[in-house]
Amino acid sequence: MRRPRQRTKKTGPAMPFETLVAGSLAYVALMFAVAFAADRAAARGRAGWLDHPLIYTLSLSVYCSAWTFYGAVGYASRSGLEFATIYLGPTIVFTGAWWGLRRLVRIARMHHVTSVADLISARFGKSNRLAALITLIAVIAATPYVALQLQSVSLSFEVFATDAPRAAVIGGPAGGTALWVAAGLALFAIIFGTRNLAADERHHGVVTAIALEAVVKLLAFLAVGVFVVWGLAEGPVDMLDRVARAGRDPAVAEGWLLRPDRWTALIVVSGAAILTLPRMFQVMVVEASDEDRLRVAGWAFPAYLFAMSFFVLPIAVMGQELLPDANPDLYVLTLPADAGQNLLAFLVFLGGFSAATSMVVVSAIALATMISNHWLVPAWLALRRRPGGEDADRDLRGLILNARRLAIVAVLGAGWVYHQASGGSVALASMGLVAFTGMAQVLPAMLGGLLWRGANRRGAFAGVGLGSGLWLALIFLPSVGIGQMPLLPGGIDPLAFAIFLSLSLNTLAFVGLSIFGFPDPVERLQGLSFVSAVEPVRPRSPARAEDRAEPLLAMARRVWGPDEALRFFRAEAAAQGKSGYLPDPTPDFLTRLERRLAGAIGAATAHAMIDRVAGGVALTVADLMQVASEARRAKEETRRLESARAELARTAGQLREANDKLTALSVQKDAFLGQISHELRTPMTSIRAFSDIMKTPDLSEAERRNFAGIIHQEAGRLTRLLDDLLDLSVLESGQARLSVSAVNLHDLIGRAVQAASATRPERSFTLDRDMPSEHLGVITDADRLLQVLINVVTNARKYCDAERPVLTIRVHRRAGGGAVIEIADNGRGIDRARQSLIFEKFSRLNDPARAGGAGLGLAICREIMTVLGGDIAYLPGQGGAAFRIVLPPHPGAAGRSVGTAGSP
Amino acid sequence: MPDRPLFLERASFRRRRLGDAARVLPVLALVAILLPVWWLPAGVSLAFGAVWLFGTWAVLIVLVWALHRGLMRAEAATRQAHAQAAPEDEKDGAGDAL
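Residue numbers (this note's numbering), protein chains in the order written: chain A, 1 to 904; chain B, 905 to 1002.
Chain A on its own, in the form it takes in the complex (with noise of 0.2 angstroms):
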């Protein structure tokens, strides 16, 4: 790259032939180098930076072809503004590509669709007749184009080669410089085009070699700019004067006056090209990795057409002033060499063969995947068809890619052969409307096909073949010199003209085939995939399918080569629970087999290879009604299941508690097992303490008595403490017998204080007693509620601390019957902390030698009253321990007259 550059500067203002070549061939090998290392990068799996959303966005730069780099300047010189047309359209498509494209490049990628026929061909039913008409538009559309991207090279070449850069003369070795030019680009694409059939078709070696031609350029094209803007004006003020002077001349004055009709048709086929040009499909949709680049390409690539577009003008009416005789579509290259920038134009040199390498080689590799997916292939196919047989032992893959390499020679030596004919005598700015008016003719079967359901196949043939046939009498022909563009009246402009006529007739035979025909079965199935953009489902076969499974290994293997084929094929089989290599053959299966066949050889071929081969048979509206009913099968079933879990989570829910009540249960169950275990030993270990004393002979008889009286009482203790285990079992397991009569509470008071006398005798208490109010019956165990009372009254003789202990007793009735016994003392009372324990078992408030129990009671207590259908509860802040104990009128009432929270 320096080297070539250094000798231009040492040989002065012309640069000779031999350097010219040796920088261009510097140039090219640098592109095969970068190709080659990102392929190579690519198959290692570290394509991640080849992945970046600025490569991709830079590879949509194969737009501006050198028809822009070139003949946009030619455009704006003859036209003025109008130029900016053909990047206006882009840009507004692109203002909507967070909905639009995304959208576009999701459906796409859903189908692995190959190719802007392949999408069109999917949709309307994988016909291959209608891929292969589109494919007939593209390629006629695309020779010229390709012709003059040839002829803008060899035209620079001469330019440059020559001693007189301003003769931009026809002829001499132009012939040759294509033909070179031709055969390099085509092993360029053939090389990096064509390595091998990946079932998303992806070229990253091409993709990235275009994304720094974009820079090149870009970088080229800006230089230039700024030449002539600062260089060779006098910055912008002056650039817009020159603008406006050039205007005053009125032959001027009357080319670049814009011309609504012009400028609003040129910017819907400008718009429809970008999505519909085969080469931008190829970099938009078909090299698009997933929908998520176009976030940033949805402005950058905006801004690239603005960049290139910026400093057109003022080179166009710079090249006016100082170049009056030149050719205008030149002026880029011409205005630096005149001035000496030799340097600056072999710059634009590179840059303008840039342009026109990058769309010739991906024209190239996308009319190639066409012409070979949807003519040699079918043909091929049905040439070879034998009945019954398979050919299973032919390699489809070198057949594909053999018969894609052939299109590629095919392609660009069509190109070639055209220039050669047209002897390059054709402005270089028609040639490219002239493709992009043809290949618009295929928008509205896109688009339609994309949001309308109802588009089928019919319309989207007569909508195809009535525009490209208008566009090829009104249009293609005249261009190339047979007939004439109508002569219209008016001054009604033809080529506007023309581009209404026959995308309006295009769009009306497309919508009224639509409305008045009916789609067979495979195209509503499709029509609702893209439209929806839903994955699409192959109806069940009712064929035998089991067997079928290794055929359509064998078939894939044709076409993938045999280890992509066993890895596909095994991870099929272990996504269905299956080892081994041969999946069964489910729809699902055959669904994904046929898109991702169809992402190397297109829809079509591939809907019919697996008919072929899986014994498919034709689909019919039934079948459709059976998808329409699985789907709407599985959607219920996905509804029942979902409740289903939620009714699972639920109980998986209550089953967690239980067993962490189990579990606390349990915990619980140890702690008493090991407080009983205590409270038993304790007495025990004072009896066999104390018996082994009174086996020594020589004790007093006294001494013996009291040792006697120790165990007796320890025994006592402990009969007491089994008594209560005992007790609280049998109403713990609510197997109580209640011996139930009527009762007087006086009477039941009564016994109870005497019975609590007992306990610490030498306390003198003041009852607190209201007579007349006890005098209250009820129905209950005499015995179990008369132990309650015994045991709180005894609770408060044993703690109360009060200096002059008083024990308050009420009783009132209750509104629903039964009655309420509130025992109160004046001590300190409890802990509010401890309030809630004093009812658990072996829960002792004070050191267990003064209260000498076994924390039993009050827990028996609360047995009792749940035994009875009543409640004995806490009192809190009645200046001392109080408790209430409710009765209710008799024991069966419990549920409807207490209500509490009962059993533990």
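Please note that the accuracy of each hint is not assured.
[Said to hold, decoys possible] If the Cβ cut is set under 8 angstroms, some of the chain B residues that face chain A in the computed set are:
hint	residue
1	Trp942
2	Val948
3	Ala951
4	Gly953
5	Trp961
Just so you know, the hints here were simulated from the structure itself, not pulled from any lab data. Keep in mind the model is a prediction, meaning the values are calculated, not measured. Where is the CB? At the ideal position from N, CA and C, for every residue including glycine.
Fit chain B to the given chain A structure using the hints.
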């Protein structure tokens, strides 16, 4: 706890409104570029036209850039809110972006 659903709603609401803006933008662009030429073809053909055209174009690019930036942030916020709310709230409030 009550903050989360509120946040989720805010995020997806904002994203949807930005999505609406993204749908309107192409129409706006078309109008901004077509109408002046329809009405005043002579007025926008020369130097003034160049300034008008490239000015409008630059504004459009900046608008698309700002919109995409806003949409990406809104989507990230929605995703984040979804991820946070996922254990409690499994409803898919937002649906797929186009």
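Quick rundown of the hints versus the structure:
| no. | hint | result |
| --- | --- | --- |
| 1 | Trp942 | 5 angstroms, holds |
| 2 | Val948 | 6 angstroms, holds |
| 3 | Ala951 | 4 angstroms, holds |
| 4 | Gly953 | 5 angstroms, holds |
| 5 | Trp961 | 5 angstroms, holds |
Of the numbered hints stated above, none is contradicted by the structure.
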